[in-house]
Each structure stands twice: as structure tokens, then as C-alpha cells.
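**Student:** This is what each chain is made of:
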Amino acid sequence: MSNTSAEYEFKQKHLLGLADYSAEDILYVLDQARSFREILDRPVPKVPTLRDKTIVNLFYENSTRTRLSFELAQKRMGADVVNFSASNSSAKKGESLKDTIRNISSMKIDMVVVRHESPGVPHFLTQCVDAAILNAGDGAHEHPTQALLDMFTMRQISSELKGRKIAIIGDISHSRVVRSNIIGLKKLGAEVVLCGPKTFMPVFVEDYGVNVSYDLDETLAWCDIAMALRIQLERQDRATELFPSLREYHERFGIKMGHLEKYPDFRIMHPGPINRGVEMESEVADSDRAVILDQVTNGVAVRMAVLYLLSGGTRV
Amino acid sequence: MLLKNLRPVSKSHKGDETTDIRISDGIIKKIGSGLSAEKGEESHDFKGAYVSPGWMDMHVHLREPGFEHKETIKSGCAAAAFGGFTAVACMPNTKPATHTRDVVEFIIKKSESTPVHVHPIGCVTKDRKGESIAEMGDMKDGGAVAFSDDGDPVYDSQVMRVALEYSSMLGVPIINHEEDLELSRPGHMNEGRVSTRLGLDGTPGIAEEVMIARDILLAEYTGGHVHVAHISTRRGMELVREGKARGIKVTTEVCPHHFDLTDDEIERTKFNTNFKMHPPLRTQDDVDAMIEGLVDGTIDAICTDHAPHAIEEKEVEFIYAPNGILGLETAWAISNMRLFKTKKLDLQQLVEKLSDNPRSILNLDELKLEEGALANLTFFNTDEEWTFDLKNVRSKSKNSPYLDQKLTGRAVGIFNKGQLVLNELK
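So the sequence lines, in the order shown, correspond to chains A and B.
Here the first sequence stands for residues 515 to 830, numbered as in our numbering.
Here the second sequence stands for residues 4 to 429, numbered as in our numbering.
Just so you know, these hints were derived from the structure itself, not from any lab.
This structure is a prediction, so every number in the text was calculated from the model and none was measured.
Be aware that one or more of the hints could be misleading.
[To be verified] Here are the simulated lysine-lysine pairs, DSS-like style, with alpha carbons at most 30 Å apart:
1. Lys612(A) with Lys98(B)
2. Lys612(A) with Lys317(B)
3. Lys17(B) with Lys50(B)
4. Lys346(B) with Lys371(B)
5. Lys527(A) with Lys317(B)
6. Lys129(B) with Lys113(B)
7. Lys612(A) with Lys401(B)
8. Lys612(A) with Lys273(B)
9. Lys612(A) with Lys17(B)
10. Lys98(B) with Lys129(B)
11. Lys712(A) with Lys273(B)
12. Lys700(A) with Lys273(B)
13. Lys622(A) with Lys317(B)
14. Lys98(B) with Lys622(A)
15. Lys399(B) with Lys612(A)
16. Lys7(B) with Lys32(B)
17. Lys273(B) with Lys527(A)
18. Lys273(B) with Lys525(A)
19. Lys701(A) with Lys143(B)
20. Lys247(B) with Lys612(A)
21. Lys14(B) with Lys42(B)
22. Lys77(B) with Lys132(B)
Start from the sequences, fold in the hints, and give me the full structure.
**Tutor:** This is the structure in C-alpha cells:
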């Protein structure tokens, strides 16, 4: 079943953020992803739809799962893939991003998947080269494919997102995942509550049309789906100075087995990687209420759909 | 030399009469209508442009010595003349820092061949490190007109106290870049609705305001004169207003971009680094407050914080781009469009903010538009429409948020140091 009207045409050239995508665009991508999700369950999970395309994965920030997921999606579609990571490349020799991308582009690249610590880098690349740009995370700005795979997973739980109650728990300020999710979820009509320490809430966050709670129990009692965000322990200078200790964080905002018994209906998501014993107890992450590994599988399908559509493909 | 058809604006001229001005040996010899050129006398018809005492930008970065790839004293002065400024005061974040008399004298010497007077601002502290005060007395004797560690605040309150006490003995203001570095860290734009949407770390207005409050209290306690650099927030403006009402020696300045643009521009332009400066573009309420402060006299001067950066420095990821934008060439057009055309300030008030007040804060001679006075003049109009495109940038750098924008009002020339400079559009 398709959620988009017959006259609808997907016209996006890039995926810079969900802020630029309409509700119809988002639903269209999610519908396309369903076809790719089925392909992944086949004995030979391959479709040669990107056989004539060359894609560069430009990763200026460390990433394991997003990069693997993109790479798998690209390879399952037969694309030629080259990987660039800042740690072993010209960036270390002081070459500017603009020069790097223009050099790579001169080698005839069709698409660029980029992750960078600075918000706006995907937009900047669109001004430097002609290739389609896919944002794989720009600072704390957007991470659109993560939000798409999250919404895809939510639709597997319940196909209608309108009126769904979604709680997002944790470090809202420093999360690109949460920004893209809020934008996408609001466009699709979901209700969103953000839960976490006040020091993790960016100013004016209510402007998104979301509610803020500092009470985990109240939030879990309300929600259909609770998405816990990773506390970025590696960012010692930032996140960890905003709350007293991991112990206190887990006490007040960690999801525990007791919550699962007390509130029997909500499901659990996490964009990974999990800090077990911080965002949630280990048993919670491994429980049948969690769909965390489904998110990972769905990520490949969603990225296949996005790559396909931005390469100029139409309906599968 | 005969300058024809000018409308004088000064403390004693409202700009409603047209007259001619004769200058010889750099002195205004005659002001009167219907003057005709004597034999062999050079004559120029200004066709009704305004003339006022020469403008002064009390906050620019000329980058020399040390960063000549961004700007030189010569190119910066060309930009100043194009913007209608006959004088600038340049900030000491050079390399070496302007923290000794020899650097002060080097800058003045280098500027002598330009049509613009350059008044160096010396460092408050040695090497701008914020630790111990520099040789202010010696620098003043060499020509420094104020002291500042601009780009960085004087952070240590005890150092600021000593600086205010010492400079008050010299009768010279301390210009402080007001920023609580802990509160502002690691911001790349104003903290607010837009920074939340863009996921950029923000610098809250409060980071500026707590330092302004501290400095006003220190000025009150020491009797020193603190000049609040490039003010940008409503609460900051109100603090200065309160300080003035208490009789404290506090003055301030505002840049055109802070009474014109808001942080929305960064979202609208998709992270254009030519909208990144410090203090950052704030909100509409702050913009409105800047205009209120100009109107009620809280804000004394219009300055530009002209901060050239090379193309390769600005054409980078937003969080890596340096703060700062050009300002000299567009200051009048923005002031004209936002303050005069909107009837917030009349031309006499504008000339006060552009000439009388900055000169008075820096203890420079008052300029007069009368016979026998030194000819230090700015010529400008309020109706000409023009575009600030690349070929009209006089600065060595190109980092202006107003590039390719249609502007109204232009400084058509200056007369200073005995020479007439006419600004022709290319």
C-alpha cells in the first residue's frame, strides 16, 4: 500500500536533512524502503540498480554502523564504492574540504555520502560539486537516514505514525539523531516528548511542537515507543559536564526492567552504540520489547531506498 | 579647490541648504553659495550630495603587521576612504601584537601615504595575554588613542581593574571585548531558536552581558573609562544605559550588521560563513534594542569591526571559519537604510555617531564645518542605489554579508590630508 498520491513525484536531488523533505517525500522513501527490506530477506540479497554509479563515502568523523550500513547498501546495489576517512587522508596534510571534494569529484563521482562534525557541511558540498549529497550526520544538526530508519522501524510496530506517542530520552542538545527524528515525526503527525536532564535540553526546543519532561516514569507511562539516545562519553568536554555522574543519570533516566513490568506496552529503540548500564539496563536492551537490532537491519534497506531515489530511480 | 553644490550636515548645519566650499592648503577658506572657480582652480560639482565633518570608524582590523594576506594598512585605508571614513582606529591583534610603542609608530608611519588617518589602539596587556598591563604610557606618547585586547576580553578582573586605573591616569579609555569565555564556549553563532534548529553550539547573549556588567562596576569603582566594544544585545544596551544614568564613564558602539541582521540569516543562507562574526548576529529584539540605544543616546558610535579574512579562510566548514566580516565599505549604506530612511535618526544625529562621538571618546580634535577649519570632510548621498559587488570591494578580502546586495546611499568621497578622493563605482 502506498501512502503517496498518484500525481506525486519525488524531486529531491540531495538528502541534506529532513527539514527539506515534505511528509510526502518521507513517506515515499519509507514505502520504497519496504521493497528493499524484502530484498534483504532473499537468499541472494542483491539488486544491480546502481551498477553504473560511483559513490564516495566521505567520513570526517568516526562511524562504524552508519558507514557499514551505507557501504552494504551500496554493494548490494552493485555500485562502485570508494571510502575516504579523514584520519588517513589529505585532510591531515592540510587540504581544505573544498579542494578535497573537488578533487574527488574530478574522478567522476555520482554521489557523496558525508559525515562531518560541522553542521552545514552537506550544504557546503552542494555548492562545491554537482554530485548528489547524502548527509550521514553533520555535527548536532541532522542525521536524516537514521531518522528514516527509526520511522521505518516504528511503522513496523504500528503502520500509522499519526498520533503515535514517541518519547526521546537523553542528550537532546548534542544529538543530530533527535533533530532529524523530531522533524520527521512531527511532519508525519506523531506526538513527541523529550525526556532528560534540563542541561541536555537546547533553548527553545518547545518550538518544534514537542513537550519536555524531566520525569522518566511519567514519560514511559505515556509513550508507545521510547527511544533512548547515547550519552556521548567520548565528548568529555561537553556532555559529561552537564550532569553529575553516570550513576545519577542511570538512576533518574536509565530504562530498567522494573519499567518494563510497570508499563507493559511501550517498545524500546536506541540508535546505538548502547552504553549498557547507562541509557538502559543490559536486560532491557536484550528484551523482546527492544527493536534495536531491527533498526540496524532496516537501516540498510532505508539507505538502499535513498541511494536508489537520489540516483535518479523511480518506483521499484 | 572649489567644491560645488554640497549640502552641509554638522552640529550647526541640518543639510537643508546647498552651498559651495573653497579649500586651499587643506583649510576651508570659504563657505557660500554661488562661488565660481578662479583661474586655474580645480572645481568639482557634487550635485547636491551632503558634506559633513569626516567620519571615523573607531573599531577596525587592518591586519598589518602580520596578516597582510587579509588586509594591509594601504588596502584597509582604501576601503575606509570608499566607505567615507577619513579616520580609523585599528585594533592591536596584529603579529606582533600592537603592545609596544614601536608597533604603534610603525602603523602610523605606514598610513602616512594614505588619505586616511590611522589611530592605533594599543594592547591592554603584554602580548594580549591578559596577564599584566602593557606600556600604555609609552604607547600613548607614540600615538595610541585607546587600549584593548580586542578579539579577546581582558578576562582577569584584577587586570581589568589595574588597566582602568592606569589608563584613567592617562585619560584614555579601555575598550573591552565583552565576553565570558566559559559561557560562550564553544559557540559558533547566537544561542537561540536558530542555533537549536541548526545544531550549532551557541554563544548566549548573557556571555556578553555579564562582562559588560562587570566592567561597568569596575569603571564605577576605579573612575576609569570603559568603552564597551561592538555591543549586540538588548540587556547589554540596558546595562550601559543604567551605567550612564549613574554617571559612570561608560560608552559604547554598535556595528551596522548588529542593527540590521539577525541569526536567521545563517539558516536562510545555509551556513554562509560571511554571516559568522563575534559577537554573533542576535535576534530581532536585539536589533530593535540597538536602534533604540542609538536613538536615545545610549549607543554613542557606529563602528564596523571591519575584520578581513582571506577567501580560503572563510570558505571552510562553518565551525572552522574565523569570526569577522568586512564593514567599512557598506557602513553608510546600512546606516542610511536602517536608520535614516526609517526616520529613526536624522542626518545630524548620524554624523554625531559617525564623527563627533567616536572622535570625542578617543580625545581627538573636534572637526568643524566652518571657514578657517581644517578640511576633513566626508561626502555622501542617501538615494543612490548601487550594488556592492566583487569589483567594488576595496578591501583585500571579500568576506562581506552584503556582497551583491542592492544598497541605498553611498559615500561619494572624502577630503582629507589636503587631497580629494572621489569614490567611483567600477
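**Student:** Quick one, are Lys399(B) and Lys612(A) close enough, alpha carbons at most 30 Å?
**Tutor:** OK: Lys399(B) and Lys612(A) at ~21 Å, within 30 Å.
**Student:** Under the criterion that the straight-line Cα-Cα distance not exceed 30 Å, is the pair Lys7(B), Lys32(B) satisfied?
**Tutor:** holds, 14 Å
**Student:** Please work out if Lys527(A) and Lys317(B) have their alpha carbons no farther apart than 30 Å.
**Tutor:** Holds, because 26 Å separates the two Cα atoms, which is no more than 30 Å.
**Student:** Given the hint that Lys98(B) pairs with Lys129(B), test it: the Cα-Cα distance must not exceed 30 Å.
**Tutor:** Distance of about 13 Å is within 30 Å: holds.
**Student:** Checking one constraint from the list: CA of Lys612(A) to CA of Lys98(B), max 30 Å. Satisfied?
**Tutor:** holds, 28 Å
**Student:** Given the hint that Lys129(B) pairs with Lys113(B), does the C-alpha gap stay at or below 30 Å?
**Tutor:** holds, 23 Å
**Student:** Hint check: Lys273(B) vs Lys525(A), CA-CA at most 30 Å. Holds or violated?
**Tutor:** holds, 20 Å
**Student:** Can you confirm whether the C-alpha distance between Lys612(A) and Lys401(B) stays at or below 30 Å?
**Tutor:** Given pair Lys612(A), Lys401(B) holds - Cα atoms ~17 Å apart, limit 30 Å.
**Student:** Would the hint linking Lys622(A) and Lys317(B) be met if the CA-CA limit is 30 Å?
**Tutor:** holds, 27 Å
**Student:** Assess, step by step, whether the Cα of Lys612(A) is no farther than 30 Å from the Cα of Lys317(B), and give holds or violated.
**Tutor:** holds, 11 Å
**Student:** Does Lys247(B) pair with Lys612(A) here, judged by a C-alpha cut-off of 30 Å?
**Tutor:** violated, 49 Å
**Student:** For a C-alpha distance cap of 30 Å, please report whether Lys700(A) and Lys273(B) respect it.
**Tutor:** holds, 22 Å
Violated hints, listed in ascending order, are 9, 14, 19, 20 and 21; each of the other numbered hints is respected by the structure.
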